[in-house]
Amino acid sequence: MDMAVKDHTLVSNDSDIAIGETDADPRPLAIEARGLVKRFDGTLAVSGVDLAVPEGAIYGILGPNGAGKTTTLRMLLGIIDPDEGVRRVFGYDQPHDIGRLIGYLPEERGLYPAMKCIEAIAFMGALRGLPLAEGRRRGKELLERHDLAHAADRQIRQLSKGMAQTVQLLGTLVHSPRLVVLDEPFSGLDAINQGKLERMIRALADDGVTVIFSTHVIHHAERLCEGVAIIAGGKVPYAGSVEAARDRIPAQVRLETRAREGGWTAALPNDARREGDFFYFSLPETGIEPLLRDLIEGEAGILSLSIERAGLHDAFVHIAGEAAARQLEADQSGAAS
Amino acid sequence: MSAFDQAAADAKPRLSRLEAAWVIARRDFVAVLFSRAFLFFLLGPLFPVLIGGIAGSIGKSVSQQTVSVQVGIAMSEADSAAMMAASDNLRPQLGSFLPRLTNVPEAHGNPDFDAREYMEARRGNYAAILTGTIEQPELVGTERQVGRWSGPVQMLAAETRANAGTDFPQVTTQIVASSAAAERTSRVRTAQAAQMVLFLLTILLGGMVLSNLAEEKGNKIIEILAAALPMDAVFMGKLFAMLAVSFVGIIVWGTFGWAFWAVAEDAIVTVTQTNYRDLPGPAVGWPVFISLGVIYFSMAYLLLGSLFLTIGAMASTVREVQTMSMPVTMLQIMVFFLSAANIGQTGTPMELTSVIFPLSSPFAMIARAAIEETLWTHAAALAWQAFAVLVLVKGGSMLFRKRVMKSGSGGRAKKRRFWQRRSDTAQPAE
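Going line by line, the protein sequences match chains A and B.
Numbered by the working numbering, the letters in the first sequence go through residues 1 to 337 in order.
Numbered by the working numbering, the letters in the second sequence go through residues 338 to 767 in order.
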């Protein structure tokens with residue numbers, strides 16, 4: 001795979017891979033990965049993943065279930081080692097060497113059921129080097145801030161699923177990490193808690209924390225992320241900014257005219273199609289102005305004209321393919337139900 | 338930036354392996370120690386001991402009450418007195434080989450007393466009844482009792498007929514502490530006892546490690562641990578936590594055992610037919626021997642525990658853990674037998690094998706400590722065992738990272754035939 005970097009965007013151009021700072025985005029990289037490959041018993045789970053996540057960014061790993069998101073995150077965190085390729089977190093090859101700087105919320109939430117909330121948070125901090133007493137103090141503050149002060153001395157097994165999930169998230173953040181990795185953080189949360197989590201992620205980024213999360217719900221990534229990596233079938237066909245992904249697809253034009261036929265139709269782009277009273281086509285590379293001139297001169301009688309920029313979902317379909325998009329939609333509806 | 342954040346930023350970026358192991362060990366130790374299950378675990382072994390002790394003491398008491406060694410005398414008053422005197426004269430030399438003689442009250446002044454009828458009527462509590470005269474004594478009783486006491490009664494009658502008591506010459510004695518052969522033989526008993534205690538404790542307590550990681554996989558906590566800390570530090574922390582818990586168990590059981598011994602020493606000696614106070618001293622002396630025992634128990638526990646931990650990490654359910662642990666338990670029993678069979682055969686190929694093979698090494702070496710005085714071999718063996726623990730922990734943690742931390746299959750390796758293992762087609766993994 002040949003990729004190059006534009007604004008931390010990996011673009012295939014048949015040249016050597018280059019990941020790093022550019023003039024356009026001077027921020028250093030929190031995470032960089034090149035050609036990560038992971039096989040399980042000969043089965044290729046992840047094939048040549050490249051990522052470049054600048055510090056302070058909110059970055060999404062987007063893909064259907066089974067695409068290789070969790071395996072990629074586990075390699076980035078040093079839980080498993082890649083069979084091929086390199087990964088660096090804040091410049092370190094071994095993420096455990098900077099465990100203090102990282103917070104991780106796995107997809108499968110786990111806490112000791114008999115532990116009290118405050119102790120669970122303090123313990124998770126202790127795993128990252130925070131003294132227990134300080135962890136308890138910070139945990140108390142965090143619980144109060146999230147309206148869970150009353151649950152501080154309750155055992156995890158006594159909490160609702162949502163509350164337990166929040167406690168685990170607080171445990172992920174208690175040691176003030178500089179990089180927070182969240183694996184499917186929105187799964188299992190109701191709409192209100194999803195909104196709270198989105199706000200929490202934005203607040204972290206505002207404080208300069210790099211947040212990377214995996215999701216199969218495009219809307220979360222679209223609302224939160226400045227960069228995404230699209231994973232499908234263990235490969236990353238796209239990694240870069242959300243804007244650049246959307247720019248991969250030309251804007252769509254919807255045109256409504258009084259005249260149904262006429263010489264002006266020859267001015268429409270080749271991909272124009274009629275659906276009812278409307279014509280749909282991609283925005284020409286030359287822009288809308290020359291087309292407008294031709295339509296006016298041809299007396300098409302423009303009733304309405306709108307230009308819509310492609311969404312991340314369209315970009316995903318365009319990049320990952322229809323099959324991956326269908327699976328993603330199935331995952332989303334499955335998660336919603 | 339708050340003061341805490343500043344402190345966090347200034348702190349070193351990661352925990353050392355020792356610190357990481359300590360974080361895990363501290364949590365596990367406290368969690369296990371203050372769980373209700375541990376209380377039951379502590380009490381478990383006490384019940385059979387307690388019940389065994391009670392049953393033993395009851396059995397002893399009943400036995401003393403029911404098994405009579407009294408032989409009743411239904412002779413003339415003069416003959417009875419002479420037989421009693423002869424018994425008193427010979428008892429210092431013959432002790433329990435002589436029956437305890439006692440007059441049968443029903444026969445006193447009753448010339449019609451029929452000993453046979455009396456015994457068949459199951460009256461009295463006599464092993465047999467002696468009637469007749471000193472010249473012609475007659476013993477009435479069951480075949481077994483008559484067979485047992487005929488000889489001693491003959492001796493008593495012969496002593497009585499001698500009129501004057503037999504004069505026994507004084508034997509001058511010289512006591513030596515032990516002969517070399519006797520000392521070595523008796524120390525083998527100490528070695529056997531120590532090996533058995535070590536083995537029982539290891540097997541009994543090693544099982545606690547088994548389900549430890551399987552439970553954490555069930556709780557989904559393992560991924561948090563694996564993300565935060567090196568896996569070998571996690572393994573080591575768990576091992577030492579369980580070792581510490583085991584020592585708590587040993588201290589509790591030891592205290593109960595000591596208390597039990599204090600109140601029921603006689604019963605224990607009677608029931609086990611062993612006087613533990615007479616257990617021969619080990620070659621290295623008791624203080625060193627006990628210290629080595631503690632260290633070798635730790636090593637045996639860590640060696641077995643690291644294997645059990647790896648098994649527990651590979652398994653995803655407690656049932657799988659139990660199934661997978663069976664071969665290791667059998668192996669442990671085999672290495673124990675290997676060590677036990679070679680006690681006292683220092684330097685033979687089999688004994689050296691049991692010393693070198695890590696799992697049997699602690700058992701073989703504690704036996705050596707009982708029999709041999711050499712100490713440097715223990716230092717070498719402990720270094721070797723510690724190295725083996727490190728290798729097993731490292732290997733177990735590597736295996737865990739390689740095979741267990743997969744997603745999409747519940748942390749379990751999907752079985753694939755060898756011809757399927759080279760397919761590089763991208764497969765769903767998540």
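Worth flagging that the hints you see were computed from the coordinates, not collected in a lab.
Some clues are possibly wrong.
Claimed, not checked - Across the chosen pairs, the derived CB separations fall in these ranges:
#1 A:G208 <-> B:V534: 53 to 61 Å
#2 B:R373 <-> A:D153: 36 to 44 Å
#3 A:K161 <-> B:T654: 49 to 57 Å
#4 B:T654 <-> A:S306: 30 to 38 Å
#5 A:K161 <-> B:A717: 52 to 60 Å
#6 A:Q155 <-> B:T654: 22 to 30 Å
Unchecked claim - Each computed DSSO-like pair below joins lysine-lysine, with the alpha-carbon atoms no more than 27 Å apart:
#7 B:K557 <-> B:K739
#8 B:K739 <-> A:K196
#9 B:K557 <-> A:K161
#10 A:K161 <-> A:K140
#11 B:K557 <-> A:K140
Note that beta-carbon positions come from the ideal geometry of N, C-alpha and C, so glycine has one too.
Each hint, compared with the structure:
G208 of chain A and V534 of chain B have their C-beta atoms about 60 Å apart, which keeps the hinted 53 to 61 Å range intact. Against the hinted window of 36 to 44 Å, the Cβ-Cβ separation of R373 of chain B and D153 of chain A comes to about 19 Å, which falls outside the hint. Distance hint check: the CB atoms of K161 of chain A and T654 of chain B are about 23 Å apart, inconsistent with the given range 49 to 57 Å. For the pair T654 of chain B and S306 of chain A, the supplied restraint of 30 to 38 Å is violated, since their beta-carbon distance comes to about 58 Å.
Restraint check, K161 of chain A to A717 of chain B: a C-beta distance of roughly 55 Å satisfies the suggested window 52 to 60 Å. At roughly 24 Å, the beta carbons of Q155 of chain A and T654 of chain B sit within the given window of 22 to 30 Å. For a cut-off of 27 Å, the pair hint linking K557 of chain B to K739 of chain B stands: about 17 Å separates their Cα positions. This hinted pair does not check out: K739 of chain B and K196 of chain A have alpha carbons roughly 36 Å apart, beyond 27 Å.
With a C-alpha separation of about 14 Å, the suggested pairing of K557 of chain B with K161 of chain A holds against the 27 Å cut-off. With a CA separation close to 20 Å, the supplied pair K161 of chain A and K140 of chain A stays within the 27 Å bound. For a cut-off of 27 Å, the pair hint linking K557 of chain B to K140 of chain A stands: about 24 Å separates their Cα positions.
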